[in-house]
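Asker: Protein chains in written order, with numbering that gives the first Met the number 0: chain A, 0 to 350; chain B, 0 to 145; chain C, 0 to 336.
Any given hint could be a false lead.
[Unchecked claim] Here are some of the chain C residues that sit facing chain A, going by a computed Cβ distance under 8 Å:
no., residue
1, 154
2, 220
3, 246
Rather than coming from a laboratory, the hints here were simulated on the basis of the structure.
Every residue, glycine too, gets a C-beta built ideally from N, C-alpha and C.
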Amino acid sequence: MKEAILSKGRLEEFLGAMGNTAAVYAPVESGQNIVFGAVSGPGAASDGVRSLRLGASNTRLSVKGLFFPQREPLFSFRDDAVKAVAEPKAPLVAFGVRPCDAMALTFLDKVFGPARVGSLKHEDPYYLARRGAGTVISLGCNKPCSTCFCTSVGGHPFGIAGTDVLATELPDGSLLLEAVTEKGQALLDRHAGLFSAPSSAQLDDKGRISRAAEAAVRPVHAADAKARADAAFDSAVWEALTSSCLGCGACTFVCPTCHCFDISDETGGNGEGVRLRSWDSCQYPLFTAHASGHNPRPARRQRMRQRVMHKFSYTPETAGMVSCMGCGRCVAVCPVNLDIREIVAALGAKP
Amino acid sequence: MSTDESFRPKIVAFLCNWCSYAGADLAGVSRMQYPPSIRVIRVPCSGRMNPLYVVKALQNGVDGVLVSGCHPGDCHYLSGNLVARRKFALVKSMLEFAGVEPERVQFSWVSASEGGRFSSLITKVTEDVRKLGPQQAFKKEIALHE
Amino acid sequence: MNDITREIRSAVAGLFEEKRIDRFIGHEKGSVPPRSRPAFLSRAEDAERLVWDGFCSNNLAVYLPEIYRRQGPKKGNEPPLPRTGLLLKGCDMRSLIALAKERQVPRENVVVVGVPCAGMVSLRKLSAAVGGEEILDAMEEGDGLRVTAGVRTVTVRREDVLEDSCLSCRHPVPEGADVTIKAKARPAGDGGDAVVAAFAALARTERWAAFRVEMSRCIRCYACRQACPTCYCKVCFAEDNNPGWLGGGSEVTDAMLFHLIRIYHQAGRCVECDACVRACPMGIDLRTFTRKMAADVRQMFGFTPGFDIKEKPPLCTFREDDGQAFITDPDAKERSS
Chain A
0 MKEAILSKGR LEEFLGAMGN TAAVYAPVES GQNIVFGAVS GPGAASDGVR SLRLGASNTR
60 LSVKGLFFPQ REPLFSFRDD AVKAVAEPKA PLVAFGVRPC DAMALTFLDK VFGPARVGSL
120 KHEDPYYLAR RGAGTVISLG CNKPCSTCFC TSVGGHPFGI AGTDVLATEL PDGSLLLEAV
180 TEKGQALLDR HAGLFSAPSS AQLDDKGRIS RAAEAAVRPV HAADAKARAD AAFDSAVWEA
240 LTSSCLGCGA CTFVCPTCHC FDISDETGGN GEGVRLRSWD SCQYPLFTAH ASGHNPRPAR
300 RQRMRQRVMH KFSYTPETAG MVSCMGCGRC VAVCPVNLDI REIVAALGAK P
Chain B
0 MSTDESFRPK IVAFLCNWCS YAGADLAGVS RMQYPPSIRV IRVPCSGRMN PLYVVKALQN
60 GVDGVLVSGC HPGDCHYLSG NLVARRKFAL VKSMLEFAGV EPERVQFSWV SASEGGRFSS
120 LITKVTEDVR KLGPQQAFKK EIALHE
Chain C
0 MNDITREIRS AVAGLFEEKR IDRFIGHEKG SVPPRSRPAF LSRAEDAERL VWDGFCSNNL
60 AVYLPEIYRR QGPKKGNEPP LPRTGLLLKG CDMRSLIALA KERQVPRENV VVVGVPCAGM
120 VSLRKLSAAV GGEEILDAME EGDGLRVTAG VRTVTVRRED VLEDSCLSCR HPVPEGADVT
180 IKAKARPAGD GGDAVVAAFA ALARTERWAA FRVEMSRCIR CYACRQACPT CYCKVCFAED
240 NNPGWLGGGS EVTDAMLFHL IRIYHQAGRC VECDACVRAC PMGIDLRTFT RKMAADVRQM
300 FGFTPGFDIK EKPPLCTFRE DDGQAFITDP DAKERSS
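Could you put together the complete structure from these sequences and hints?
Answerer: Dropping the structure here:
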């Protein structure tokens, strides 16, 4: 069935059932935060589903870490022998992904996914293997928070870009599941025994919730951001807007689309080691430091300008989409409350 | 806690060039026996020690770390070991606080003429570390998975 | 607007008008209620943006090393250094003194407007006090805060939602400020001794487990380091690749090494302002360990950073009678353990 109802109180059962054939990740508590953790299947504790926490508006770290890990071995070596990392074969389910994070995956697909650049074909086998093995069940945002602005950047609190199944929490406590892709449909079919058909009242509820959520998302002046940003590249407005930046990089780490990485080798000293890929950040001065000592972006305001331009001006050219998803994490996490919404709105405005 | 007699601990010993390293040398030429557990790294002065080396050695998988310098008052550079004493106190306190076994990281003073003391020191430290068993807690696994 | 805000605005406008400063760094209301955030001002008219409330927790001394960093060797023809005005609390002031002591910032180029601090509100505690609902507004009224979250408005006691660092703060009054605003400081706390003692009382294996769990949350974003005023190395040891002490990525022993050594590098320099704790996106408990280091420096060497510019840093000096009970003496008679 394309739409299914999971009755109130049966979510843990559903997550547990999916764990029989996949590693299931969902929002769980980690210290003071909510992050994606294993709730059932390989890697999860036997009562992992108890640690599920769906109340928070969004996880502290985005879902990108499941497909593009913070620390990823690329291959191992011993003396002259190179051994590739085994492709992750275990299927993966990411449950409770907000639509902004799901849409972010469509952007990351463009970065890592198969593409032709001239005569070169490039694709990232590590990302693609995880993405292929992964099924995304997103959860619509009944209550967007004040830092969300997905609707101003092409998203929607109940958007379906990047997801395989869209889940909606209904007022009666049940969960409406709507298959978006074939993969999502296959997942629903596999567990059909747990579901019932939705009533028309329930479907109406979903429509109502979706429209209310859309209206609750605060609009941000992101219209023609690219044109305004391009025109303002040399403007003094950057200094005014970003002088308090600490260069801490927290924004890039929590961002669902930031994907810059570093590659390093780690050796165990016996001629064996591993080549690793790890997250990097354009906010660090070392990011653009040349071996000569020259740095084309020596000042923090230039690095913050780069981040905003990348999201709103460069990726529309290279990937055909703005790569800010309006998730608001960078706004929430910035130690000095730098606000990308304010920056984008201010570009091109009269001083 | 291991009483496995076959476990031979690996201990990195940072020895200051003028006193402790010379003391170790004296133990050697005097044919004094001590367990072959230490790998020596010679530093010009115990003041050259950086806590980073201690923690990095643990991360590399050694079972114990020993740092030894001149007795206070006898430093070849006059006060290197006196400032080092402060650094060592802080490092030892912090590592123990974080839960590292106190016997894994030890500091001592051995002079150039104290071959016997050096030999006793290594014997003692080796036995202390052997009883604790291999160091796993801080060891970095260059693993292919997280 | 409270009296303190009014007085601050007037003082800062005056500093500009008297041409004592080229710029001023203070606090203004932020974009995510109820936060305040750093404000960079360049004219007297901008002083109207300044506020003072329980959300002005940012340690503004963090901007100083970058402002006064010399770009190359002294040639003698450099333009005069800028004069920066700064709004500082007790902890922030001590960061400034620590930086001045290390010759990173010329004290004479900084004009401090000091505010005796009544403690800053913890956003995390405030959020918990309203059941995790998103806070839409928070008004300070006397000893309480009227908080609007979701559809409710509740009043919470200030004392119940203050930052842990402020509850235990020993030095809320910025000593040596150039202009001191009239404000009532909190009574001094225990400096975090209770937190350190509680952790030390755990069994060794429990301490290690707790430490490892906290470190496993670290994503190595370095926000803690960037937020710290006394972390100003051009290239941090963590990012050195020759030798490469740390690997990239979030491996747990690398995180342990990074935090242990960063906190060690802060010995005698950390003023316990908790900027690192607040900046951490993962909410890692760094406080237990920063307080331990500060307590050790206090107890072993009688040194508290941030008061005397001329006093030698504790790790640049020594006393003949510094303690050495920790030294292994192979010749000593076996003590009964």
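Asker: Would you mind marking each hint as holding or not holding in the structure?
Answerer: Tested hints:
1. 154: Violated, because the Cβ-Cβ distance from residue 154 of chain C to chain A comes to roughly 21 Å (cut-off 8 Å).
2. 220: Status holds, d = 4 Å.
3. 246: 5 Å, holds
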